[in-house]
Amino acid sequence: MTIDRDLGAAIAATRFGLGAKAGEIDAARRDPRGYLIGQIRPEGADQPEANAATSVQRFGDVRAYQAERKAAKQAGDPKTDPVRQAAQLLRRDTGADFMARLQLAAATDAAFRERWTLFWANHFTVSANKLVTATLVGPFEVEAIRPHVFGRFEDLLVASSSHPAMLLYLDQAQSIGPDSFVAQRSGGAGRKAGLNENLAREIMELHTVGVGAGYSQADVTEFARAMTGWSIGRFEKAAEPGGQFMFRPYAHEPGARTIMGRRYADGGEAQARSVMKDLAASPHTAHHLAVKIARHFVADEPPPALVARLERSYQESGGRLDAVARTLVEAPEAWAPTATKFKTPYEFLVSSWRATGAAPGDITVIAPTLNAMGQKVFSAPSPKGWPEEAQIWCAPDAVIKRMSWSETFAAQAIGDRDPSALASAALGARLTAPVATAVARAETRPEALAILLMSPEFQRR
Amino acid sequence: MIPPLPATRRAALIGALGLGFTVEFMGSRAWPASDAGQARKKLVVVVCRGGLDGLSLSPPVGDPSYASLRGPIALAPFGEAGGALKLDGTFGLHPSLAATHALALKGEARIAPAVATPDRERSHFEAQDVLESGAAVVYGTSSGWLNRSLEAMGPPGKVRAISIGPTAPLILRGKIEAASWSPGGGGDHDHRLPGILQDLYAKDALLGPALADGLTTQAMARIATADVAAENARGAPDSQMAAGGETLKPVLRQGLPQARKLGETLAGFMTQPDGQQVAAVSLDGFDTHANQGAAQGQLAVRLAYLDAFLDGLSSGLGPSWRDTVVVVATEFGRTARVNGTGGTDHGTASTALLLGGALKKGGIVGDWPTLAQARLFENRDTAPTLDMRGLFKSVLRGHMGVERAALDATVFPGSGAVAPVSGVV
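Chains as they are written, first to last, in the working numbering: chain F, 1 to 461; chain E, 1001 to 1425.
Bound-form chain F, shown alone:
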């Protein structure tokens, strides 16, 4: 299907990308599809320019902090200044990670690549619901997600499922096989040691085959058994890789497992890897991922033809995400003229910065803003990640919050620029006559920019 190039360029920058920067729609006009396909690359996503601390360093910081706090508590004063300062430093790291990610999104010339990446980061959500995951979620994205977003899905799955952030977020690190050596030795006497199904369940339900795939509780339990031993090295043990993934053979449940009708011989660490390999190759996974991708990029109720295309691409490529990304860009259904996706607060802010060339500013301002709009920094409400549905984000109070933010932001960002020119640069052929007129008729430049940002077209993509 040929698409009108003007509209195609606008869709490329706003729907597939993160909102048009100045000149971006012009850059995409010659070949909107090629513009996007050129952003797919084997080495994966861009990396935010952050504090370069690895998850090992961060995890070490958390453990040191916890030890210090414990010592202070035992000394009778858990709230000493050093403890408080340490907690503050950890929180500052998380803020810096988030800002680096925002700055990348606001500035990148490869915004489709970054949207694709953010999709996968959300697919493999690690939420900052406790100190340790808050500290690790930034490095998790850098180490486990970004390198693999255009590679094989199986690699992404294994990287995510073996990263300390995920192992901690979904309680895998302390899961112990009931018949493992460790459990045997402790004799089960009053110890909490035992099987934790959390990560195994979410891998099946959320990350791979999906709820409709027909697996049973027994399959989940069997997979959880296969995953026992997937853990993290302790810092205090010289023989262990402190803060990194390690397989603990003595915690692994011995024996063969049967999951979704397939038998997996005991192979230690490799047993769970074999399960993941099959889960990644499952047609259910192809379908589940296809629905999610189409829902994120195109419509809350995605066109079945698009889902079918993506599904086929996934299967035919052996789960290669670069192939699926290409199929998405080439699919005619993805270029439907009407934009129905309602921007999340994160997307709204990023696209506002891109439209005006503004920089994201300060985390102490941005964090409460996102919180007020319903998208707390790095804190998706569940392992399912942030929702996609327009109704959820377009709640009345959230719209008022967006409006207030737009007014304040517009007053700071517009300068002496022409709002009508900004409107065309931001929306291109998607700019409708009523919005163009309202922008042109505004009393002041800030009012004009606020109208643009709050317009139905800018709120959607």
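Source of the hints: derived by calculation from the structure; they are not laboratory data.
Misleading hints may appear alongside valid ones.
Unchecked claim - Here are the computed distance ranges between Cβ atoms for each label pair:
no. : chain 1 : residue 1 : chain 2 : residue 2 : range
1   : E       : T1385     : F       : Q412      : 35 to 41 Å
2   : F       : A440      : E       : D1274     : 42 to 48 Å
3   : F       : N371      : E       : N1379     : 55 to 61 Å
4   : E       : K1203     : F       : A87       : 48 to 54 Å
5   : F       : A87       : E       : Y1139     : 47 to 53 Å
6   : E       : E1403     : F       : D26       : 27 to 33 Å
7   : E       : G1401     : F       : N371      : 19 to 25 Å
8   : E       : G1071     : F       : N371      : 50 to 56 Å
9   : F       : L131      : E       : P1155     : 52 to 58 Å
10  : E       : P1155     : F       : P381      : 57 to 63 Å
11  : F       : A359      : E       : Q1038     : 42 to 48 Å
12  : F       : V365      : E       : G1071     : 45 to 51 Å
13  : F       : P381      : E       : D1213     : 58 to 64 Å
Stated by the list, open to error - 30 Å max Cα-Cα, derived BS3-like pairs, lysine-lysine:
no. : chain 1 : residue 1 : chain 2 : residue 2
14  : E       : K1360     : E       : K1203
15  : F       : K73       : F       : K237
16  : E       : K1175     : E       : K1106
17  : E       : K1106     : E       : K1261
18  : F       : K401      : E       : K1203
19  : F       : K292      : E       : K1203
20  : E       : K1261     : F       : K401
21  : F       : K70       : F       : K130
22  : F       : K277      : F       : K376
Positions of the beta carbon are idealized from the N, C-alpha and C atoms, including for glycine.
Dock chain E against the given chain F, drawing on the hints supplied.
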């Protein structure tokens, strides 16, 4: 679609949606004892954004062409119900401007009925740039004339400046650093935006109802607050709520008690021992393309708002009023003829208001070109007879003591040919 709101909710929206005002202060500097008189001088510049219709602010009801050009939005002659408040044989003030009229009767308010900036493009953004920058052309300079005038008033660095709202407006941007003050409670938000968005969302099944619900809830929340309770007790006018509640816009243009209070607060700042001598106030909502109204209506409500602010300012200044000059100006006027939607479109000359106890008594400032067809600018607008810069110059020269050379060269660059208007201060 928004359901009709009960009266209390409507009143609540006033508070919920802010004052529509921003205020900026500049001033506070050490004057030598010999300059004690000059140190008492105060200057307030009110910028009315959107293109204030001079023919409604100061209707020339005695002009033979006025009633026919204006049709349904013409104000009635002096003495009739809803008629203009008489200034002289030709001009009156809009009936919403009762406090201003009372000052005019004492010789403390005058009009300049055909004043314009050098800009003729009829674009809000460009015209506001020219009005505030003091340059002859758009983008002529990136600082504001009021800021540069402070530089000319004394040694640099001695004058502190203060602004209200998220950013300083162009008129006071420049070398003199501005501090800021805000009325709080988000009161500096654009009160027009919700109405404009409701129009844009009219056919949007998602955003339309969400915004309407959000505004209603916000209004309900405000009902519980003390200032809204006080506002209801004062009987804030509740006019023009369209039958069926089709639009919230008219409701959003109220808030007289807050306007008065803002005037009083500004006066409070300026009358403190080391208070600011110069302030810039920004007031929006004057872009009346449709349903402008006459004695009642959209513009009447905005003018009442302006009047309440000026009343609060003048009464709050007390004895200092005699050392004060207030200039109310807009970026351009509006078409002389009413348009097809009961409003007026972007025009050229408009009225500037001058107020204050420091004014010289007198009639209108500048010449009246009349509304005779042959005299209209481009056969549509009030023709300019006075350069806005000449008016500002006369106030800066006569009231604030700025030298003519500085006015011609730095405050209003390259404006040597524009003389200060005489007989004003």
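Consistency of the hints with the structure:
The hinted window of 35 to 41 Å between T1385/E and Q412/F holds, with their beta carbons roughly 38 Å apart. For the pair A440/F and D1274/E, the beta carbons lie near 44 Å from each other, so the given range of 42 to 48 Å is met. The supplied range of 55 to 61 Å is met by N371/F and N1379/E, whose beta-carbon atoms lie about 56 Å from each other. The given range of 48 to 54 Å is respected by K1203/E and A87/F, whose C-beta atoms sit roughly 50 Å from each other.
Our hint of 47 to 53 Å for A87/F and Y1139/E holds, since their Cβ atoms are close to 50 Å apart. Range check, E1403/E to D26/F: about 50 Å between beta-carbon atoms, so the 27 to 33 Å window is missed. Judged by the Cβ atoms, the range 19 to 25 Å given for G1401/E and N371/F is violated: they are separated by roughly 51 Å. Here the CB-CB span from G1071/E to N371/F is close to 52 Å, well matched to the stated 50 to 56 Å.
Evaluation of the 52 to 58 Å hint for L131/F and P1155/E yields a pass: the beta carbon distance comes to about 55 Å. Taking 57 to 63 Å as the suggested C-beta distance range, the pair P1155/E and P381/F conforms, at roughly 59 Å. Range check, A359/F to Q1038/E: Cβ separation about 43 Å, and the 42 to 48 Å hint holds. Remark: the range hint 45 to 51 Å for V365/F to G1071/E is upheld by a beta-carbon distance near 50 Å.
Here the CB-CB span from P381/F to D1213/E is close to 22 Å, at odds with the stated 58 to 64 Å. The hinted pair formed by K1360/E and K1203/E fails the criterion: a straight-line CA distance of about 55 Å is larger than 30 Å. A C-alpha spacing of about 24 Å is found between K73/F and K237/F, which places the hinted pair at or below 30 Å, so the restraint holds. Using a Cα cut-off of 30 Å, the hinted pair K1175/E and K1106/E is violated, with the two alpha carbons roughly 38 Å apart.
Between the alpha carbons of K1106/E and K1261/E the distance comes to roughly 23 Å, so the proposed pair stays at or under 30 Å and holds. At most 30 Å may separate the alpha-carbon atoms for a hinted pair to count; K401/F and K1203/E meet this at roughly 21 Å. Between K292/F and K1203/E the CA atoms are separated by roughly 29 Å; this keeps the pair inside 30 Å, and the hint holds. Simply put, K1261/E and K401/F have alpha-carbon atoms about 27 Å apart, close enough for the 30 Å limit, and the pair holds.
For the suggested pair K70/F and K130/F, the alpha carbons sit about 17 Å apart, so the restraint of at most 30 Å is met. Using a Cα cut-off of 30 Å, the hinted pair K277/F and K376/F is violated, with the two alpha carbons roughly 34 Å apart.
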